[in-house]
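Engineer: Each protein sequence line maps, in turn, to chains A and B. Throughout the first sequence, residue numbering follows our numbering, covering 1 to 279 in sequence. Throughout the second sequence, residue numbering follows our numbering, covering 280 to 595 in sequence.
Hints may be right or wrong, so weigh each one.
Said to hold, decoys possible - DSS-like mimics (lysine-lysine), calculated; alpha carbons at most 30 Å apart, straight line:
id, chain 1, residue 1, chain 2, residue 2
1, B, K329, A, K224
2, B, K382, A, K107
3, A, K221, B, K544
4, A, K8, B, K382
5, B, K326, B, K544
6, B, K544, B, K337
7, B, K354, B, K337
8, A, K194, A, K60
9, B, K487, A, K8
10, B, K287, A, K168
11, A, K194, B, K544
12, B, K326, A, K6
13, A, K187, B, K544
14, B, K544, B, K329
15, B, K544, B, K570
16, A, K224, A, K60
17, B, K570, B, K487
18, A, K6, B, K487
19, B, K338, A, K106
20, B, K287, A, K106
21, B, K337, B, K326
No lab work stands behind these hints, which were simulated from the structure alone.
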Amino acid sequence: MNYTIKTKLMRVFIYIILAILFLLCVVPIWILLVNATRSTPEIQQGLSLVPSNNLFVNWKNLTNRGFNIWRGFYNSAFISVAVTVLTVYFSMMFAYAIHVYDFASKKFLYGFIILLVMVPTQVAIIGFYKYMSLLNLLNSYIPLIVPAIAAPSSIFFAIQYLESTIVKELIEAARIDGCSELTIFHKIMLPIAKPGAVTMGIFAFVGSWNNFFTPFVLISKMQKYTLPMLVQTLRGDVYRTEYGSIYLGLAVSIVPILIVYILFSRYIVNGIAMGSVKE
Amino acid sequence: MANTKINKNYYGYIFTAPFIIGFLLFSLYPLVYTFYLSFTNMTMMSKAYKLIGFENFKKLFDDRFFIQSLLNTWKIWLLNFIPQIGIAMLLAVWFTSTRLKIKFVGFWRTIFYLPNILMPATIAVLFFNFFSFYGPVNQAAVRLGIINDAIEYFRHSGWTVSIVAFIQWWMWFGSTLIILMAGMTSISPSFYESAMVDGANSWQMFRKITLPLLRPVLVYVLVTSLVGGMQMFDIPYMLTDGRGSPNGSIMTMNILMYMKFSSSKGHIGAAASVGVMIFIVTCLSALLIVKLLSEKDSKNNAKAVKGEVKGYELHN
Numbered sequence: 001m002n003y004t005i006k007t008k009l010m011r012v013f014i015y016i017i018l019a020i021l022f023l024l025c026v027v028p029i030w031i032l033l034v035n036a037t038r039s040t041p042e043i044q045q046g047l048s049l050v051p052s053n054n055l056f057v058n059w060k061n062l063t064n065r066g067f068n069i070w071r072g073f074y075n076s077a078f079i080s081v082a083v084t085v086l087t088v089y090f091s092m093m094f095a096y097a098i099h100v101y102d103f104a105s106k107k108f109l110y111g112f113i114i115l116l117v118m119v120p121t122q123v124a125i126i127g128f129y130k131y132m133s134l135l136n137l138l139n140s141y142i143p144l145i146v147p148a149i150a151a152p153s154s155i156f157f158a159i160q161y162l163e164s165t166i167v168k169e170l171i172e173a174a175r176i177d178g179c180s181e182l183t184i185f186h187k188i189m190l191p192i193a194k195p196g197a198v199t200m201g202i203f204a205f206v207g208s209w210n211n212f213f214t215p216f217v218l219i220s221k222m223q224k225y226t227l228p229m230l231v232q233t234l235r236g237d238v239y240r241t242e243y244g245s246i247y248l249g250l251a252v253s254i255v256p257i258l259i260v261y262i263l264f265s266r267y268i269v270n271g272i273a274m275g276s277v278k279e
Numbered sequence: 280m281a282n283t284k285i286n287k288n289y290y291g292y293i294f295t296a297p298f299i300i301g302f303l304l305f306s307l308y309p310l311v312y313t314f315y316l317s318f319t320n321m322t323m324m325s326k327a328y329k330l331i332g333f334e335n336f337k338k339l340f341d342d343r344f345f346i347q348s349l350l351n352t353w354k355i356w357l358l359n360f361i362p363q364i365g366i367a368m369l370l371a372v373w374f375t376s377t378r379l380k381i382k383f384v385g386f387w388r389t390i391f392y393l394p395n396i397l398m399p400a401t402i403a404v405l406f407f408n409f410f411s412f413y414g415p416v417n418q419a420a421v422r423l424g425i426i427n428d429a430i431e432y433f434r435h436s437g438w439t440v441s442i443v444a445f446i447q448w449w450m451w452f453g454s455t456l457i458i459l460m461a462g463m464t465s466i467s468p469s470f471y472e473s474a475m476v477d478g479a480n481s482w483q484m485f486r487k488i489t490l491p492l493l494r495p496v497l498v499y500v501l502v503t504s505l506v507g508g509m510q511m512f513d514i515p516y517m518l519t520d521g522r523g524s525p526n527g528s529i530m531t532m533n534i535l536m537y538m539k540f541s542s543s544k545g546h547i548g549a550a551a552s553v554g555v556m557i558f559i560v561t562c563l564s565a566l567l568i569v570k571l572l573s574e575k576d577s578k579n580n581a582k583a584v585k586g587e588v589k590g591y592e593l594h595n
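Input sequences plus hints: build the corresponding full structure.
Structural biologist: Here is the structure:
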């Protein structure tokens, strides 16, 4: 009896903690979305959890001052989609090779990938910058997109994912039917591995969409700014007192990701446990 | 049959070639080049430069800003990591407990992970607004009588460091929770059952069963968090003036590197040397963690790292 009472009390305590953490995670985002619909005086008067009706005015203020959010959107979307396609395709290809073929450096490559997941990569940005400036690729999206071919954390995920997905008999059968190795990869492997590819794709997309540092160092032309770079300018003087517009700008930058998250959270949460993409 | 299979194995090289080429061109070469640049006095202003040996590094160690940035980075990382692993561990134990039977675990996890997918730029500007003088935090705190007067949070080092650490904690505890839970659910329930028969309490079971078996996962979490933490840039850069104000209290090593790079003269060489130092500090600490926390009989560090991650993999 004593035991069950203790368990019940413990449970109440835990749910209180969970509720607090829930509020901590959701309220800031909710306030952000609500404030995007409120006017500056309303925001200054105090907190509210109910949306107001100032959305269109905020939008006008936001876009009237050189904050070209559509451009930023387009730029970020272009880069992120390209990064996603390259990352998923080439990581799958690498993982496929590790599982299907027997070749000399296979073990070394696998160990190497694991090591690379744990190496700080941002520190090479100075060399990368200088290298890209020598190649005349500053203010180009190529340095932001092409390196996605070699994404160790995605490969790590892909290797683990394919381990349980690859059916060697299927590959053998396709070979007997005269399929080329590339055809087998495209027509048999990729369709089977679709769920894994979606998870990888989401992580690659979100990572690229949120990435601030690399474009910040390499891009200096305003019209080439990515969304995080534009968001950063919201902190500046132009919008100093236009709180509603600032919040709206912030809201616009996270709404697409929020939608992706609501739709695919199951893939995402399961994906972290498997690949642990931390960036 | 066997013959055709062997003949196809050279495809292993073809299929891994894009990664290898991409890695050499876009990761390894820039890293090596950064090391090279750290031994030069290159600037943005002039094309001529020369090798100056360890001059940049000597200057760094005499530079109190560098030492400060090193300490700041560690401080912010520890201030966010300790509560992060603590709370994530507690939640993971609660969520996986067969006695407590917590409901809606999937829902809680989804919510707690939410801050992690948001754009750091957005989060930084958001919290800057929240903690600004006329912002909602001051409004609420004054109205509720928690404080008498509004606080200039970003003029006090203590507050600013705490806010950065809080944001980092906020963004990462959900992710750590999910990884720890994956590790815990893979521990066979029979261990706990037999311990229960022997009359062990939950704390004893946690100490003697969960923690030891979770070690590979813990090493993984610790190392990846450390690697991220040592490179911290976005949040502290965007939260205040981009120079680690107030009093350089949130100037991380990465911010210092960027400051040298973006200074009016553009000290490429000096900035590269900061990058090299971040690299060395991170790798050494990571190796140390792996060595200290992994099995005593591990032969060498590279193998240990591999073993840890492999162990982690098995847990899934």
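Engineer: Evaluate each hint against the coordinates.
Structural biologist: Status of each hint after checking the structure:
1. B:K329 - A:K224: At roughly 34 Å apart (the allowed maximum being 30 Å), K224 (chain A) and K329 (chain B) break the hint.
2. B:K382 - A:K107: 43 Å, violated
3. A:K221 - B:K544: 20 Å, holds
4. A:K8 - B:K382: The given pair, whose Cα atoms are some 13 Å apart, holds under the 30 Å limit.
5. B:K326 - B:K544: 12 Å, holds
6. B:K544 - B:K337: Distance ~20 Å between K544 (chain B) and K337 (chain B) Cα, so the pair holds.
7. B:K354 - B:K337: Measuring from Cα to Cα gives roughly 24 Å; hence the hint holds.
8. A:K194 - A:K60: 42 Å, violated
9. B:K487 - A:K8: 25 Å, holds
10. B:K287 - A:K168: 14 Å, holds
11. A:K194 - B:K544: Given that 30 Å is the threshold and the Cα spacing comes to 50 Å, the pair is violated.
12. B:K326 - A:K6: Status violated; Cα separation ~73 Å.
13. A:K187 - B:K544: 54 Å, violated
14. B:K544 - B:K329: 16 Å, holds
15. B:K544 - B:K570: 42 Å, violated
16. A:K224 - A:K60: 22 Å, holds
17. B:K570 - B:K487: 21 Å, holds
18. A:K6 - B:K487: 23 Å, holds
19. B:K338 - A:K106: 43 Å, violated
20. B:K287 - A:K106: 14 Å, holds
21. B:K337 - B:K326: 24 Å, holds
In summary, the structure is inconsistent with hints 1, 2, 8, 11, 12, 13, 15 and 19 from the numbered list given earlier, while agreeing with the others.
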